[in-house]
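The listed protein sequences correspond, in order, to chains R and S. Each residue of the first sequence is one higher than the last, beginning at 2 in my numbering. Each residue of the second sequence is one higher than the last, beginning at 1018 in my numbering.
Simulated from the structure, these hints should not be mistaken for laboratory data. Do not take every clue at face value.
To be verified - Coverage of chain S stretches by chain R, computed from C-beta distances (three or more under 8 Å per stretch; other residues unrestricted): (1) 1255–1261; (2) 1295–1304.
Said to hold, decoys possible - In silico SDA-like pairs for lysine to any residue, Cα to Cα no more than 25 Å straight-line: (3) S:Lys1453 with R:Arg14; (4) S:Lys1453 with R:Gly17; (5) S:Lys1743 with S:Gln1675; (6) S:Lys1453 with R:Val20; (7) S:Lys1540 with S:Val1687; (8) S:Lys1453 with R:Thr16; (9) S:Lys1743 with S:Ser1634; (10) S:Lys1453 with R:Asp12.
Even glycine gets a Cβ: it sits at the ideal position worked out from N, Cα and C.
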Amino acid sequence: MRRGTNGTRDDGRFTGLTVFVAVFGFVLFVPPLLSVFDQGHQVLHVPVVWVYLFGAWAVVIALVTVLVRRSG
Amino acid sequence: MLQTWFVITVSIAYLGVLFAVAFYGDRRADTGRSLLGGRGTVYALSLAVYATSWTYYGSVGRAATTGVGFLPIYLGPTIMLTLGWLVLRRIIRISRRHRITSLADFVSARYGKSVTLGGLVAVIAVVGVIPYIALQLKAVSNTFEIIRRHPVITPSSELGQVPLLQDTALYVALLLAGFTILFGTRHLDATERHEGMVTAIAFESIVKLVAFVAAGVGVVWGLYNGFGDLFARASAAGQTAVFGLSDTTGSWVWLNILSMLAIILLPRQWQVAVVENVEERHVKRAMWLTPLYMLVISLFVVPIAAAGLVRLGGAVDADTYLLTVPMAAGQEALTLLVFVGGLSAATGMIIVETVALSTMVSNSLVVPALLHRGYRGNLARAILITRRVAIVALMLLGYVYFRLASEGAALASMGLVSFAAVAQFAPAILGGLFWKGGTRNGVLVGLCGGFAVWLYTLLLPTFTATGWLPQTFLDDGPFGISWLRPEHLLGINGMDNISHGMFWSMLLNIGGYVGVSLLGHPKAREQAQAVLFVDALADPERPRLLRGRVSVASLHEVLRRYMGGRAADRAFEEYARESALDDFQSTKDADAGLVHHVETVLAGAVGAASARIILTSVAGEEQLRIEEVMEMLDEASQVAALEERHRLARELHDSVSQALFSMTLHTRAVELAVQREGGDPDGKVARGLKELRSLTQGALSEMRASLFQLRPDALHEDGLAEAIRKQSAAIASREGLDIVVDAPDYRLALDDRAEEELFRVVQEAVHNSVKHARPRRIDIRIEEVSDGVVIEVTDDGTGFDPATVRSAGMGLSGMRERMNRIGGELVIDSVPTGSTTIRAVLPVPSPHPGQPR
Chain R
2 MRRGTNGTRD DGRFTGLTVF VAVFGFVLFV PPLLSVFDQG HQVLHVPVVW
52 VYLFGAWAVV IALVTVLVRR SG
Chain S
1018 MLQTWFVITV SIAYLGVLFA VAFYGDRRAD TGRSLLGGRG TVYALSLAVY
1068 ATSWTYYGSV GRAATTGVGF LPIYLGPTIM LTLGWLVLRR IIRISRRHRI
1118 TSLADFVSAR YGKSVTLGGL VAVIAVVGVI PYIALQLKAV SNTFEIIRRH
1168 PVITPSSELG QVPLLQDTAL YVALLLAGFT ILFGTRHLDA TERHEGMVTA
1218 IAFESIVKLV AFVAAGVGVV WGLYNGFGDL FARASAAGQT AVFGLSDTTG
1268 SWVWLNILSM LAIILLPRQW QVAVVENVEE RHVKRAMWLT PLYMLVISLF
1318 VVPIAAAGLV RLGGAVDADT YLLTVPMAAG QEALTLLVFV GGLSAATGMI
1368 IVETVALSTM VSNSLVVPAL LHRGYRGNLA RAILITRRVA IVALMLLGYV
1418 YFRLASEGAA LASMGLVSFA AVAQFAPAIL GGLFWKGGTR NGVLVGLCGG
1468 FAVWLYTLLL PTFTATGWLP QTFLDDGPFG ISWLRPEHLL GINGMDNISH
1518 GMFWSMLLNI GGYVGVSLLG HPKAREQAQA VLFVDALADP ERPRLLRGRV
1568 SVASLHEVLR RYMGGRAADR AFEEYARESA LDDFQSTKDA DAGLVHHVET
1618 VLAGAVGAAS ARIILTSVAG EEQLRIEEVM EMLDEASQVA ALEERHRLAR
1668 ELHDSVSQAL FSMTLHTRAV ELAVQREGGD PDGKVARGLK ELRSLTQGAL
1718 SEMRASLFQL RPDALHEDGL AEAIRKQSAA IASREGLDIV VDAPDYRLAL
1768 DDRAEEELFR VVQEAVHNSV KHARPRRIDI RIEEVSDGVV IEVTDDGTGF
1818 DPATVRSAGM GLSGMRERMN RIGGELVIDS VPTGSTTIRA VLPVPSPHPG
1868 QPR
């Protein structure tokens, strides 16, 4: 029980932040935001929606990595 | 290089390496130098068993028609793993604490250790996943046939049925059965971990990743000059389908949600993520490493699909582009590597899935049935045999399904249909993690409804493709009833089959779960389990679930009988280390801790529900009384609050209480001094001092009563009479009336429950009197008579007619109930014009004197 209030507070914060990132990621991954990039455009012949999805995905993973690193 | 004998040799060599890796993993674990320690890289890689041959080959096929439409299968898991610390860690903590070894067991344990629920979940899992296993075998068989007919590139639709004895899938299935039995059921262990198997799975994850990335690099930079060039050629060739979402946005959200659930609810995922988890903190690594793995493995899906469309077009099944594109380009080594990667994706899935399913079949179906028939033999051996038989049976069932259904496109869609089947567990499991109100009946109704809809809207339609059902069944509905068309229930149009099926099944599932739960009342045991699960992270003290009414020796005997002598000794030694237990053959009653320990150890081997059955068979049916449940609720959810209150009570007692006490003494001293010095006893000063003293005394008794309220245990520390005195003093000073307590000086020989109930009755009686009778004086008389204890509460206020008053309104029925519970009775003597006497009579000697707490 007595793991020190600090430990549990940090843990709660970590959980909260990861939930935030998950919601953020979900919003990025689904329409309507997704449809903005799904217009069939290409940049340097590469489809925009493809770049967008992998980019957003990489951002979510990077955020989680940072949070995990910081939580120790 | 791609001669048949060479491919076979490589495949066998690969499986040989797999055996070696698993063997090495087990060896390291046995010698205490586990490979699964560290920071969790092996754990994160083993979670990638999610990427099966369906995703390995199939995502390219999907990308060929829907572009990035295949991505939700990987994006969903990323979201769920990001939530890993909230959801997965919680499940792991609970499973560890209760030694839960399968998904079915988890559901069963959460809802009051229900045998029915465990069995139902096991059945749904088996029905939902067998076709998925068949799909893996099909991938192995097809890719082998394609590679065998090299250099001709055969569309898989023309492969036809391979003769049984020439079918690689059969041999792969048999080899895998051997592997799974060897490394998945080596011994029966309370933790159910298989380190060798997990190591092999992690190894397979690396193989399939390397193979896929190699194929991607080979295509993008070997056949083209990078992504730009490849996409430019594709768009020049008019293959723009791969560039967008096409029209999949409708099902996009559903697919995300489905795969989000699948990453933990598929039996194999549950096995590696929960059961095989060694340390909770490994989840943190999996939260980013597993999604990263998925990102890398899906990076080349669209490029390969585009290359396939440009080079091979519709002549070849898009599901095999990953293999046929390098093959058509003459890159033989790469083709072989891709084949091995596909083999590893399929075998990894099959191995873990059959282990997980065999645990469910043995623990949630077979063992409860055995126990129901009064089986008393060595359960450990029976379980191992059951699991081995189950593994072979599941493998063959998968194979038979593949042989029967491989014609047509029936299998290709099975991946998502399986996802939808296991998604049915989501309300019960996720709801059960965060909501205490869910009940067994709610889950039963929800699961049955959801599963039935799944069968009708998702599984049945695949039967038309195999010819088991006529096509008119789909198009016109059964008996021509159009609103019953399986893929258009109530005539709904414009939804694809997965979205449609998920909508209806979730509507029934969640609706049934929540609705029935809210309408019904959970049983005491369900409530207790709900608290233990939902508040798992609050680290409650070990709960007392079964009251010890069984001797130490018979507990030992139970363990010996079901798990063997050595396991029994080990379990008892484990417990003895933390407690005063020394004699394993003692005929004394086992304490609740030992009973609980034995139950948990049994649960690890046979499942929670069966463990409960076994224990109640020796300890007798437990009687969870409502107050015990309340006690558990307290323990589980209020330990922290209690501790805080105790601390507060101590501090208040040491500081404020003491100060008030000395204030009364000092005031009295000053009063006396004033009198001595000839002050006017009725003068202003003297009256002021008197007032001050009575105020201070009032504050002191109020304080004592509050302290008493803060520490419920005080009743048992102080004894009934003393507790009533303190309480009365506080009420008297608060309400400004006299309460006289007449009680013996010695402590009455009452057990805890009687003390508790009598105290509450007196409290209620005094409270009633103050509230309704407006008395000036209340007499409380506690008397020990020859045949029991009598407590009388008499007031001098206005009474009532016991015959006419609505007893509920005055809490009289509650008091009666309390007395009945401890075998006493309540007599009310009151007249509307005068005093009221409430008499509580408890015949003693009390049946359980002085129960130690």
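Evaluated hints:
no., hint, verdict
1, 1255–1261, "holds (count 4)"
2, 1295–1304, "holds (count 3)"
3, S:Lys1453 with R:Arg14, "holds (24 Å)"
4, S:Lys1453 with R:Gly17, "holds (21 Å)"
5, S:Lys1743 with S:Gln1675, "holds (16 Å)"
6, S:Lys1453 with R:Val20, "holds (21 Å)"
7, S:Lys1540 with S:Val1687, "violated (62 Å)"
8, S:Lys1453 with R:Thr16, "holds (21 Å)"
9, S:Lys1743 with S:Ser1634, "violated (46 Å)"
10, S:Lys1453 with R:Asp12, "holds (23 Å)"
The earlier numbered hints that this structure contradicts are 7, 9.
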